[in-house]
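Trainee: The lines below spell out each chain.
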Amino acid sequence: MTANLRVGGIVLPSARVKIISQEELHQDNENPLESPLPFIVRPSAMSTLEDQPPQAVQLEALTVMKTIKHCAARHPATATGFLVGMDNNGTLEVTNCFPFPIVDVPAEAQFEQQHFNSAAAAPRAKANAAYQAEMIRMQKEVGVDANNVGWYTSANLGDFVNSNFIENQYYYQKELNERTIALVHDISRSSQGALSMRAFRLSPQFMTAYKENKFTTEALLKSGLKYSEILVELPIRLHNAHNVTTFLNQIPSLLSKGEITPPTSVHSIESNPSIARDELGPNFDKLALNIDPFLQQTCDNLLDSVETHHVESNNFSYYSRALGREQQKIQQWQAKRKAENAARAISKQPPLPEDEWQKLFKLPTEPSRLESMLNSRQVEQYAKQVDGFVAGTSGKMFAVRGNLLPGEAGSSVE
Amino acid sequence: MVEIDSSLHLARPLGPASVGLQANTTPLTVQIQPQALFSILDHSSRRPPDQHRVIGTLLGTRSDADDSSITIHSSFAVGHTETTDQVEVDMEYQKAMLQLHMRANPKEVLVGWYATSSELNTFSALIQNHYSSQGEGTYPFPAVHLTVESKPGKDVEVRAYISSAVGVTPERAADSAAFVPVPYSINYSEADRSGVESLEGAKEAESRTTGIMTDIESLEKSLEDTLGMLDRVSKYVEGVIEEEEEPSTALGQFLLNTLALAPKVDPSDIEKDFNNHIQDVLTVSYLANMTCYGAVDDGWRRGWQPARRRQEAE
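Those sequence lines, one after another, are chains A and B.
Per UniProt numbering, the first sequence starts with residue 1, numbered consecutively.
Per UniProt numbering, the second sequence starts with residue 1, numbered consecutively.
Because the hints were derived from the structure by calculation, they are not lab data.
Backbone N, C-alpha and C define an ideal beta-carbon position, used for all residues, glycine too.
Some hints here could point you the wrong way.
As the list claims (entries may be wrong) - Partial list, derived from the structure: chain B residues whose beta carbon lies under 10 Å from chain A:
id	residue
1	Phe-38
2	Asp-42
3	Asn-105
4	Gly-195
5	Ile-216
6	Leu-223
Pulled out of the complex, with its shape left as it was, chain A reads as follows:
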């Protein structure tokens, strides 16, 4: 048999172009063995739901693993990337993700603030939009869903609610479309055992407010926008393709199945490779009683946020004092002008205009309330996290007490 490998830019036959159409794509997605699912109705069903924002998020196994890898590799710096997938009747299916390019920063410039946050701002950077478009175009050629459905970021104990996050998501929801999400992977919380991934969108109310950039007290009072209404959290489900399910079933779980040869010595138990490598063996990290570092860190973060809140509220009271002073001056001026006009009316002179104060006095501009709103949201986040930690720990602590003092526990039950 003769065969030749042709190297170079080869235009591939139409077979490749064909697979890009949506229905086909999703048929490919399923295993050939399975009967064709009613995926064909999708385009028509989608058109009726065109403007509906997604109600839930479904993550493909690949996305979960890639996000974890990228976030863990960049830890403790922030890692960001973008997600591709498609909307299916209100469920956003995220099928793949790609990291954003690393910006080469000279070592000495790394400590400067604007460089330090380059990864956090990456999702809305112009250069990255081009990278993203290029990557998606390339992926389209090999049959990956070619829709940008959002972006992901890493977080550390829930510290993700900040203006960067809001700006990124605003950029996505405004520039692209409503069907985009922000996926947050919390590395520190995941390291405690349970995977922590959350999906967020900006609420429509917040989108309107942010568009008009109206974060004055008045506008907020009118729209009734509260800190708890900035972000909408979407429920996440994880989904495995057929071959991934097969693969997962293949991972030897010797400990839970009990197929292990009898050991010959104590040492052979401790150093048994199949025990050390048992990836899906029960994970006892979650039972560790020592969550104090996490609790402490969260409390520190919480205190920082409260501090910020304090600064913000000081700013605001400074503003309101300044405003009060100005208003007092205006009132004095108005009273004076009124008296003057009364005097002029007596002497039959034309009255002086009474709205001249607008030119003479300048009211201080109100500081934007956005920062303090975000901060309040962050405080709420931390507080809930503390609550969650405490629920777990106190449970574990009672268990430990019950174990070490069996008599006591028995008597308390009685």
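Using the hints provided, position chain B relative to the given structure of chain A.
Mentor: Here is chain B on its own, set in the frame of chain A:
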């Protein structure tokens, strides 16, 4: 997954080393990160219906000291078409993708390629020779060829190979290669574990989907696992006492060692420590809740008040 096929590797075959260069013959091992495998599996499920296998590029790192271990970090798909007498690989695409990938992962280099079928044929040799060639390939290092076959109803079969040149005649050298299997292992990092564990939840489900467990749920699962383990151990011990199970001195000693680890503390000390700690924890929780619902709301309201005053003034 651990190595499926055990293999003995005394030396690896000589690579395409040039004259004068000391050829490295230390055995080679391949470590695969699950991300690369998942992405190959994903690509395999997205292949066009008329193609029985698809290929792609593997990226990763080589160990610094000697290139005796290769870690595969990630992979991307490359389009190709096969007919009975010809194979076309879109090398322009592969080059462009490689460049894009490098921008995001500057530390990863080209280490080889994958195919989604266990079959090794003339085309495999051709592509393998291209990937290990000088210039664009992995030369002077060997290129790793990974085959990941996922057929419905069968286990996912992963094999890793490197190749050495087999020269029958100069004309045939380009499309022949001796594929030598190399041992591989799939390495889950600490961070991957939580992910794999969550995905595992969907393993048994008909819909192949699962939710993300909350902290309390995962704690419950851990506790249940522990109880299950304890049951198994006590059942085994009972079995040994009843002389139904094969006794093992090593296991007995191990269990004894483990039991000896149980702390012996005075009950009053435990009571005291427990109370202190639980008080701390609950205080923190109380304060956090205060901050959340009290202070913030309160401060918020205080923030509003001047605004109301101003409105009244106007």
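Trainee: Was the hint right that Asp-42 of chain B lines chain A, CB cutoff 10 Å?
Mentor: 5 Å, holds
Trainee: Does the closest beta carbon of chain A sit nearer than 10 Å to the beta carbon of Gly-195 of chain B?
Mentor: This interface hint holds because 5 Å falls under the 10 Å limit.
Trainee: Under the criterion of a CB-CB separation shorter than 10 Å, is Asn-105 of chain B in contact with chain A as hinted?
Mentor: Hint on Asn-105 of chain B: holds, closest Cβ of chain A at ~7 Å, below 10 Å.
Trainee: Hold the hint about Phe-38 of chain B up to the distance rule: shortest CB distance to chain A must be less than 10 Å.
Mentor: 4 Å, holds
Trainee: Under 10 Å, Cβ to Cβ, is where Leu-223 of chain B needs to be relative to chain A, so tell me if that hint holds or is violated.
Mentor: Cβ of Leu-223 of chain B sits 7 Å from chain A, so the hint holds.
Trainee: Is the interface hint satisfied for Ile-216 of chain B? The criterion is a beta-carbon contact with chain A at less than 10 Å.
Mentor: 6 Å, holds
Hint compliance for this structure: every hint is met.
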